[in-house]
Structures are given as C-alpha cells and as structure tokens.
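Novice: Chain by chain, the residues run as shown.
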Amino acid sequence: MISYEHCPQQVLKVNADLLLSLSVLFEKGGENLHQTLGPFVKSCAAFSDYFKLEKLLLSKETLANCLKADRNEYVLMTYEFNRLFVGPTTPEAPPYESIYLSPDHLMMGEQMLAVRKFYLQENLQTAGKGQEPDDFIATEFEFAAYLLSRIMEVQGAKNDRQIQLYINLYHEFWARHLSLWLGLFARRVCQSTRHPVFSALSEVLDTLTTLNAIKHEGGQL
Amino acid sequence: MKLSRRKFLGGAAAAVSSLTLFNFNLLTNSPPASASDPTSETMKTFRNVCPRNCYDTCGMITYVQDGILKKVEGDPKHGYTNGKLCLKGYAYPRRVYSPDRIKYPMKQSPRGSGNWTRISWDEAMDTISKKILDLKKRYGSTLPICLDKYSGNFGIVHYGIEGTMSSLGYTTRALGTPCWPAGIDAQTYDFGTLYNNDPEDMVNANYIILWGQNAAWTAIHSIPFINKARERGAKLVVIDPIVTSTASKADLYIQVNPSTDGALALGMARYIIDNNWVDWEYGRANSVGFDEWVDYIKKSITLDWASEKTGVPKDIIMEIAREYATTKPASMWVGYGMQRHVNGGQNVRIIDALGVLTGNVGKSGGGVNYGHLETWGFNYNAMINPAPKGSKGFIGPDGKEGDRNINMNNFAHDVTAQSDPPVKMLWLACRNPGAQDPDTHAIEKMFASMEFVVTVDSFFNKTVEMSDIVLPATTHFEDWDVMASYWHYWVGINQRAIEPLYESKSDVEIAIELSKKMNKLEPGSCTFPTSGTPEEWLAKEFNPGILKMLGIKDYKELIDGPRKANMPSAAWSDGKFRTPSKKIEIHCELAAKNGLPALPIWVEEMKSPVKYPIRFITPHPQHALHSQFQNLDWMMTTNPEPKVEIHPVLAAQYGIAEGNMVKIYNDLGSITVKDHLTRTTSPNVVVSYESWYKNSNFNVNYTLKATPSDMGKQATGNNGVAFHDNFVMIEYG
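Those sequence lines, one after another, are chains G and B.
When we follow my numbering, the leftmost residue of the first sequence carries the number 1042, and every step to the right adds one.
When we follow my numbering, the leftmost residue of the second sequence carries the number 67, and every step to the right adds one.
Think of the hints as simulated: they come from the structure by calculation, not from any bench.
Quantities reported herein were computed from a predicted structural model and do not represent experimental measurements.
Yeah, the Cβ is synthetic: ideal placement off N, Cα and C, and Gly gets one too.
Accuracy of the hints is not assured; some may be wrong.
Restraint-style ranges between C-beta atoms, simulated for each label pair [to be verified]:
hint, chain 1, residue 1, chain 2, residue 2, range
1, G, Leu1108, B, Ser762, 32 to 40 Å
2, G, Arg1235, B, Gly611, 55 to 63 Å
3, B, Gly180, G, Glu1095, 35 to 43 Å
Throw the hints in and build the complete structure from the sequences for me.
Specialist: Right, here's the structure in full:
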C-alpha cells in the first residue's frame, strides 16, 4: 500500500486532469462539445493508460472516433446532451446529486447544502450562488480536482500536516458525495442514451467511481 | 467560445501556499465570514400568494433557509384560506425544485423535432428581436405577431406580458376567456357586472345550493364556511350531473341532466309562484321585467316539463323550491362548469332571476354567487406602453387604429383566418393552448404553419413542444407581485422568497431584455422601460383607490399580512346595480340587442347527434389546475394515468369492462384511455378530467369542437367554449 504522503504526483495529475475535463465538459454543455470533448478524451486516455484499464479500451476507442465527428454529428451530440442532462424535456439523467440521493429526488436537497459546506471549508462558493445548484456535477468535479491540485502543491512543499488535511478532505468529499451518486448517474446515462459518446462517458464515470472506491479502500489515490 | 477561468487559491489554501494557482471555472472565493461560520442560517419567512387560476388564491407563508425554499404553509392571517393550503399548494416546493423545470433559454431546430440547443439570453433576445423587425419590415406593422396569454399566472405584474406586445406596436391578440365568460355576461346583463357575496358570508346562510360547483375539489377553503352554516342547521343542496366529492357531502344531491339547469330553476320558480313564496316587494322595487318574467313562467313552464327535461323528480323540484324560497337567507353558488354549454349563459340568467324572485339578492347569507373583479383595480402599469412612433395598427369597425383582436376560444381557426396581414409569429405566456384549447389537431396544424413561435413557461408541455424558442419562467416564489381573487375579498403580496433559479426570468424581466435588444438593433422600436427592480415594478401597480380599499397607506404593509377589501359582505346590498337602468334587468334590452332573449326564458340545450349519442364531460381534476401540477411527482404517484368514468349500464351496452382501454371518438378525433366504471355519472354521460400528464399525449381536447357558448362577448370580447357540449362514441379500445 502506498501511503498518501508518497502518492506519485502522476497519479494525482491524471485523476485531477480527468476530473477537470469532466467538469468543463458538463459545465460548457452540449453546444461546446467540439471544444471540451478533446481535453476529456485526452485526459481519459492518460487515466486509462496509467491505470492500465482494459475495461476502458472500447470507450477510449469510441471517444476517439467521436472526436473525429463532423459538424453534423456534433450537432446530434448536442441534442443528445440536452436530452440527457439539460432539457427542456424532462432530463433523462439530471446532473445534480440531490436528485439521486435526497429522499424526495428533488433539486436543492440536503446534499446540496452539505456540498456547499465542503466548499466553504476552502473559502469557496459557487460563482452563481442561488442560480446553479452547488451539487451540479461540474462543480463537484471541479472541487474534487481542486483538492487534488492542493495535495500536489503541499506535497511539493513537503507540508505533512497539509498533505494529510487535503487527502482527508478529498476522501471525505468523495466518500460523502461523488461515490454515492456518480455510479447511479452513470447507470442512468447508460440506460438512456442513444449516442455512443455518452455510453462511453457513462463507462468512464462508472470506472472512475469504482476505481476511487478501490483506491480509497486501499488507502491510495 | 472562450473558456474563461478564474485563477486563485481557495481561502484556506491561500493562507498556507503560494505555489501554483488553480483554474477555477465554477467556484469562486466566498466571503471569509461564511467560511468561519458555515452553519445554517435561521429560517426566514416570506409572504406569497398562489397565482393560479383558482377560486382560492391562497395566502402562503414560505419558509426559506440558506436560500432554499423549505416548505410552504397557509397564511393564518388570511381570513378565507385561514392557514391551510390544498395539496397543490403544499406541493409547491416539488414544483420549484422539480428536475423537470425549464432551466435555460432553449432553441428547437426544426420546430417539433425534439432537437434542442441551449442558447444564451442574449442570443434568444437577438433571434426574437430580429424576427420581430423582419416581420415588421415585410408587413409594415407588428400585426403578424400574435399574443396568446391567459391564466397560468394571474399576478398583476404579469400583465407585463401584454405590455411586452404593446411596447412593440400594434399586434394581434387572443381576446376572451375560455373559463367563465357566459356566466360573466349573464350577470352583466342582469346586475351590470359579476359580483358575489364574500364567501366567508356563507356562514350566515340558512340554505345553500351549490349549483354545478364542486368546491371540495376546486375551492376547498369555502367548505369550512359552508360547514359552519350547516352546524347552525343550514341545509346543503348540490345540483350536478356528476356525483362529485362535494355532492357526497350534501344533505341533498340532485343529479340533473347536463345543460338543463335553467329548466330546473324555471320549474322551481313555477312552484314558488304557484305557492306565492315570491318576494314581490324586492323583485318589483329592484328589477325591471319582473312581472313579465313571472307571466312567462305561468304561461310556459310546468313542473312536469321541468321534471322531464331535467331528469329530476317533480317532488324533489317542489322540495328544493319550497326550501329555497322559504328558508332565508338562502345562498346559491353557480359553478363555471354549468355555463360551458350553448345555453350556459342563459341558464345562469335564469338562476339569477330565481334569486331575485325570492329576494335573496343583496342579502347577507344569500346571493347568486358566481365571481367578482371588485378588488382588481390596480394600475396595470406594466401592461400599458405606447406603441412606438409610426406604428401601424388594425383599423377596427369603429375606425380606430389599434391591436387586432381574434377569438381566444377559436384560436386555431382565427389565427389561420388572418390574411391582411397573416399571423406569422406566436408569443405564448401563461398559456398552454396545445393542451387546453379545443380542437387540438387544428392547434397543431396552426402552430406548424407559423414562421416562429416563442413560449415562456416553467415546464415542457405540448405548447413548448411546438415552439422554436422556450424561455424559462420564474415561479411566483422567485418574483415580486400582488394577487387578487375572483372569489374572496382578500389581496396579498407576493415576495421574492428565493432568487430565480438557473436562468429563469419573470415576464417583466423578459420584456426589459427584449426592449434593450430591440432598441439596440433598431432604436425606438420598443417602448418597454429598460430599468426597475422587480419590487419597483410591483410598487407601480398600486393607486390610492386600491390602497384605500385595502385600508393601507403603502403596499409594504401587505408584507405584514394580506388585507381584506373594505366592502360589504353582501354584494348588491346597496341596491346600486350597474345596469343601464340601475336595476336588476330581468328584462334586458342589451341582451336582446346582442341577439339573445331579453328575458331569462328557456333556451334548448344541444342535443346529441345520432352518430355520437354520448356526452363527454371534461371537468377540472382534483389535484391539478388545467395543465399545471398533474406533472409533479406527488400527483403522478397518486394519479398516474388518466381515466374515463363510465356508468356500468352504458359500459355493458358496448361490451366494456372495468379497466379496459376505451376509445372515445367523434368526427374531430379520438383518445384512448383506461376506464373506471362508476355510478357517479349517468348512463348517457362519460367523464374524464382534463389535465396534462407528464410524458403523455392524453388530451381530451382532441375530441372537442370549438363550439361557442351563448354568451361572453359583451363583457369579455368573445363567447366562451361549450366545453361540455361534446358528443362522442365509445368502443372497447
């Protein structure tokens, strides 16, 4: 078992890059997939290669093919993105934690407030507070990526107390939030989508969830 | 698109590190104080009012913590709703926080394809503005733009929707009201306007007739007042073609043949006259044509005829006639369903006259109660904007230039019929014609013929489905407004309890954005003001008259609680009727001038055609309001699918059993729906409750012709729709 203090920066970086690319992909929406899909595919490949994830081979290939799609195909991906995540029809897979974990399956549940408290611990808040819920998947990914970046920074400074603090915070955030709903979300995407790019995306999300769970259990990132 | 990011360290990190900066995109620095105290803020309360098209217009207390609407309760300071809400009201947090809410401006390409793209408000306004300017250039006016707005939100500031149009120039407007115009005209002919007793005054009644009124579903807050009267010994009679929930609570339920309510009232009148229970003094002193009507009844009406026509046994007619005339004061509440017939207005006029005959009008505990608009005297500031200079309008029959009005109740036909210029663009707000208008096939065809359709809504419904652009509307918890009721006498303020979610905007905010864009593209092309906070817009709706009526000096006093209008509890107690003669016009020359009988005489009901012998009645649902609410999770759980109620005898005739899918059809269209066999309806009437179910194309209006009711044009611009004169055939589906 590798201790957190000695977790290779490369592990942290591939995780953070993937989380950040996912954050940007969801935040910028279907209309900007031509810009956001590339970084996601790249970070996904790095992630998959680093951890030697055979499970993601097909998804990687699918994503690489989708990246080469023509303009018309990107338009179709946009429509599908909105059908799945945005609306105006009932989104098939709303990208908000409260929908999956709150007893009522509504927006703005207790999970959203709990996430907000995590952000506040780091003196952070959502830029559009009150408008876009704090438990939006893109925001949670960004925060998780931020925590990983902090670990990298404090590792560089060899600040053991800070290293432990951020590792704990990351694990706590992942365990209390992303790990609890990301799999459910991925499953709903997988069941609902009509486009291979989102099937691949759901596979990546599912793998990310599984891998983080294993790594948390094993004590490494 | 530029993917801008903010580079900084989180606060805690900033204190310990100066290494690399993180590229934030969605998160930003929070004020230090909030980080040091991340505990929940204390619960705040706000005053809100339900703005839906409903009798009760409930006062609400909204509980907000950490900017989140936690729950809503009834406002105990509201004397009518009295601290309680209906299920719809309690379900509001589920509406606000439904994942189904429309969150952003979206564009559909092409219309009806289901291919939606998220666009910015700027792009939405740019696209809409350019289309308006294009139409204006091509046709020389803004008349090709048609507004259809009605009752999705009855807030006074929401009349800014009409203001949006008037600020663009003269446009085409859907004029009228689908719900209640025949009854409005009936009371306008009789009394000068519609004006009901304070519903709280029903506690003083010794006899109550709910005529086609299912208050247990549609006005639940009236029930306690009725019950108080009953505790004192008042008798409750319910007259309805359907054994409703209200009927099940009555002392006497009378199942009347649909559309024959006037015949029942005439039969009662005959028996009252025969027994000299007439209040001759009141009738002769306060009305014109009183004796003329009495003579008509003596000559033309018999109890046998009334019984045969209505299906009500003669002894029952005699019983309620005697009790109504002799147990004073006696209150009658006339529901909106019973006027949705080709003789609906006339039936209301007959019932009005019955109230006059017995001297029950103008009395506490009495009245022929239908509705009122006495407390609606606001400024409508947001509605009134001058047309831009040089605007060209429609020259009406009076030679005046203005908007071109078309019939809201035959919308598909009237939009299509316009040619000079044709209608090319629709703007829909607070309105869902795709679900609510008659002849849905015609609506679909008309929408398909448009160049451009803009809909403002909170949820994806049939109308949004047929739109090019949908703009996300705020809920009433995210906006400032003021609400009056068309039933009770209370007025309440609606505070902004939570910030608008996602990118939703109110109708006035949308108008402001549109005006900015229009004037940028073509200076002077839109007169809608481009400034003012939502609360400032609210403040402009008040005037000295309304403040005096409410007994306040400033609208802000409404934040302390809703106010009841300073009006007598009995409508018309001053005897000052608003007719041309200043008296109740039993004989009404204005009605005669409009081609209607001058007297409240019997007018035949619509007969069922041989091919379609079954009447199809489509009343309001229990836990929804037209196409609102039924899509919410609670409602979908308790009432997951539409049903048609069929009498077992009728079902047997067609080989239909409980739970079968049944096809209901006529020349216009068909629907197929699961049945429920019940004796709550009669053997010649099938019943299905109009509503919009989530992810369902169920719509009773596929079978409904745009048949006009007899009245409505005088006071509301157009006759109503004879919703309940719909005839069909059924078969095992």
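Novice: Does each hint hold? Answer for all of them.
Specialist: Checked hints:
1. G:Leu1108 x B:Ser762: 32 to 40 Å: This hint holds: roughly 38 Å between Cβ atoms.
2. G:Arg1235 x B:Gly611: 55 to 63 Å: 59 Å, holds
3. B:Gly180 x G:Glu1095: 35 to 43 Å: 37 Å, holds
Taken one by one, the earlier hints all hold for this structure without exception.
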